Amino acid sequence: MENETKKLSIICFSGDFDKAVAAFTMATGAAAVNWEVNVFFTFWGLNILKKKQGRSIIGKGFLARFFNFLMGGSKNLPLSRLNFGGISPGLMTGMMKKRNVATLSELIEAAKQLKVKLIACEMAMHILGIQKSDLIDDVQEVIGVPTFLEYSKNGQVIFIS
Amino acid sequence: MTHTLDITKDHCPMTFVKVKLGLSKIAQGDVLDVLLSEGEPLVNVPKAAKEQGHRILEIKNEGKNYHILIEKNN
Numbered sequence: 213m214e215n216e217t218k219k220l221s222i223i224c225f226s227g228d229f230d231k232a233v234a235a236f237t238m239a240t241g242a243a244a245v246n247w248e249v250n251v252f253f254t255f256w257g258l259n260i261l262k263k264k265q266g267r268s269i270i271g272k273g274f275l276a277r278f279f280n281f282l283m284g285g286s287k288n289l290p291l292s293r294l295n296f297g298g299i300s301p302g303l304m305t306g307m308m309k310k311r312n313v314a315t316l317s318e319l320i321e322a323a324k325q326l327k328v329k330l331i332a333c334e335m336a337m338h339i340l341g342i343q344k345s346d347l348i349d350d351v352q353e354v355i356g357v358p359t360f361l362e363y364s365k366n367g368q369v370i371f372i373s
Numbered sequence: 007m008t009h010t011l012d013i014t015k016d017h018c019p020m021t022f023v024k025v026k027l028g029l030s031k032i033a034q035g036d037v038l039d040v041l042l043s044e045g046e047p048l049v050n051v052p053k054a055a056k057e058q059g060h061r062i063l064e065i066k067n068e069g070k071n072y073h074i075l076i077e078k079n080n
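Sequences listed follow chains Z and Y, in order.
For what it's worth, the working numbering labels the leading residue of the first sequence as 213, then goes sequentially.
For what it's worth, the working numbering labels the leading residue of the second sequence as 7, then goes sequentially.
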């Protein structure tokens with residue numbers, strides 16, 4: 213009987229489109245072959261989880277609202293290179309569909325169905341003035357470092373920056 | 007009862023995702039007939055299914071593709 217713990221914990225610091233695809237590809241792939249998967253979203257990564265997928269004014273305080281509006285949600289994630297003023301994620305999604313590779317929204321949907329644990333960083337949410345209610349309902353918890361360490365203990369950890 | 011799933015046009019990770027979700031939707035004892043390509047899916051789909059406690063009934067070749075018959079058991 214194999215006794216190793218198959219657990220993958222991903223820290224998604226980035227809110228770039230391509231890196232979000234990478235994070236969700238790892239998460240869903242691992243969950244599909246029976247690994248326990250946690251994805252911890254912090255800083256820019258929180259944009260992926262916003263309920264409002266476009267640009268909208270959320271958060272508390274002028275600067276938080278300003279930042280949140282500029283960053284937007286999952287429909288506004290920029291490509292980390294060759295963003296071309298924001299048109300590239302759309303072009304890339306078109307290429308992904310054409311080549312039968314799962315798009316970001318399909319990967320996020322798969323992650324939910326595979327019961328990947330989506331968790332958000334309490335501290336980053338506090339800075340950006342984001343409430344749990346601003347994030348999609350699939351976000352199970354808002355946690356800090358000690359809880360993340362507890363969840364990721366005895367597993368593999370990947371940091372996506 | 008046998009259910010079919012064609013993942014020949016899919017790529018990683020959706021190949022594995024579709025099999026896992028496909029197995030979760032069928033009844034205990036039912037069979038999922040997965041049509042897949044050689045390479046990564048052929049190696050890892052049966053392996054992942056076995057690890058979950060399912061039974062591989064048959065692997066048969068069909069042209070460039072393979073049928074993997076998985077009996078749900080978990």
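It cannot be assumed that every hint is accurate.
[Claimed, not checked] Residues from chain Z shown here face chain Y by an in silico Cβ test under 8 Å; the list is partial: (1) Ala234; (2) Thr237; (3) Val245; (4) Asn246; (5) Asn288; (6) Pro290; (7) Leu294; (8) Gly297; (9) Gly298; (10) Asn312; (11) Ser317; (12) Leu326.
[To be verified] So these bits of chain Y aren't anywhere near chain Z, every CB distance computed over 12 Å: (13) Asp16; (14) Met20; (15) Val23; (16) Val25; (17) Leu27; (18) Lys31; (19) Ala33; (20) Lys53; (21) Asn67; (22) Asn71; (23) His73; (24) Leu75.
Don't read these hints as lab results, they were simulated from the structure.
Note that the structure is predicted; figures quoted are calculated from it, not measured.
Even for Gly, the Cβ is constructed at its ideal location relative to N, Cα and C.
To see whether the hints hold, each was checked on the structure:
1. With 8 Å as the threshold, the beta carbon of Ala234/Z stays out of range of chain Y, its nearest partner Cβ sitting at about 11 Å, so the hint is violated.
2. At a threshold of 8 Å, the smallest CB-CB gap from Thr237/Z to chain Y is about 5 Å, leaving the interface hint in force.
3. Contact between Val245/Z and chain Y, as hinted, is supported at the beta carbon level, the nearest pair being about 4 Å apart and thus within 8 Å.
4. The closest approach between the C-beta of Asn246/Z and any C-beta of chain Y is roughly 6 Å, which is under the 8 Å cut-off, so the hint is satisfied.
5. Below 8 Å, beta-carbon pairs count as interface contacts, and Asn288/Z has none with chain Y, the closest being about 24 Å; its hint is therefore violated.
6. Of the supplied interface hints, the one on Pro290/Z is violated, with its beta-carbon coming no nearer than about 23 Å to a beta-carbon of chain Y, more than 8 Å.
7. With its C-beta approaching chain Y no nearer than about 22 Å, Leu294/Z sits outside the 8 Å limit, and its interface hint is violated.
8. Using the Cβ-Cβ criterion of 8 Å, the hint placing Gly297/Z at the interface with chain Y is not satisfied: the shortest such distance is roughly 29 Å.
9. The interface hint given for Gly298/Z is violated, since its Cβ lies 26 Å from the closest Cβ of chain Y, which is over the 8 Å cut-off.
10. Against a cut-off of 8 Å between C-beta atoms, the interface hint on Asn312/Z holds, since the closest Cβ of chain Y lies about 5 Å away.
11. Here the hint on Ser317/Z is broken, as its CB sits about 13 Å from the closest CB of chain Y, past 8 Å.
12. Here the hint on Leu326/Z is kept, as its CB sits about 7 Å from the closest CB of chain Y, short of 8 Å.
13. A beta-carbon of chain Z comes within 12 Å of the beta-carbon of Asp16/Y; the shortest separation is about 6 Å.
14. With a cut of 12 Å on Cβ distances, Met20/Y falls inside the contact zone with chain Z, its closest approach being about 5 Å.
15. Not every beta carbon of chain Z lies more than 12 Å from that of Val23/Y, the smallest distance being close to 4 Å; the non-interface claim is violated.
16. Non-interface call for Val25/Y relative to chain Z: violated, since the shortest CB-CB distance, roughly 7 Å, does not exceed 12 Å.
17. The beta carbon of Leu27/Y sits about 6 Å from the closest Cβ of chain Z, which is not more than 12 Å, so the claim that it is off the interface is violated.
18. Its beta-carbon lying about 10 Å from the closest one in chain Z, Lys31/Y breaks the requirement of being farther than 12 Å from that chain.
19. Once the 12 Å rule is applied to beta carbons, Ala33/Y is consistent with being away from chain Z; the minimum gap is 18 Å.
20. With a least CB separation of 8 Å from chain Z, Lys53/Y falls inside the 12 Å interface cut-off, contrary to its annotation.
21. Against the 12 Å criterion, Asn67/Y stays outside the reach of chain Z, whose nearest CB is about 23 Å from its own CB.
22. Taking the minimum C-beta to C-beta distance to chain Z, about 15 Å, the non-interface status of Asn71/Y holds against the 12 Å cut.
23. The Cβ of His73/Y sits about 20 Å from the closest Cβ of chain Z, beyond the 12 Å cut-off, so the non-interface label holds.
24. Remark: the non-interface label on Leu75/Y is consistent with the geometry, its nearest Cβ contact in chain Z lying 19 Å away (cut-off 12 Å).
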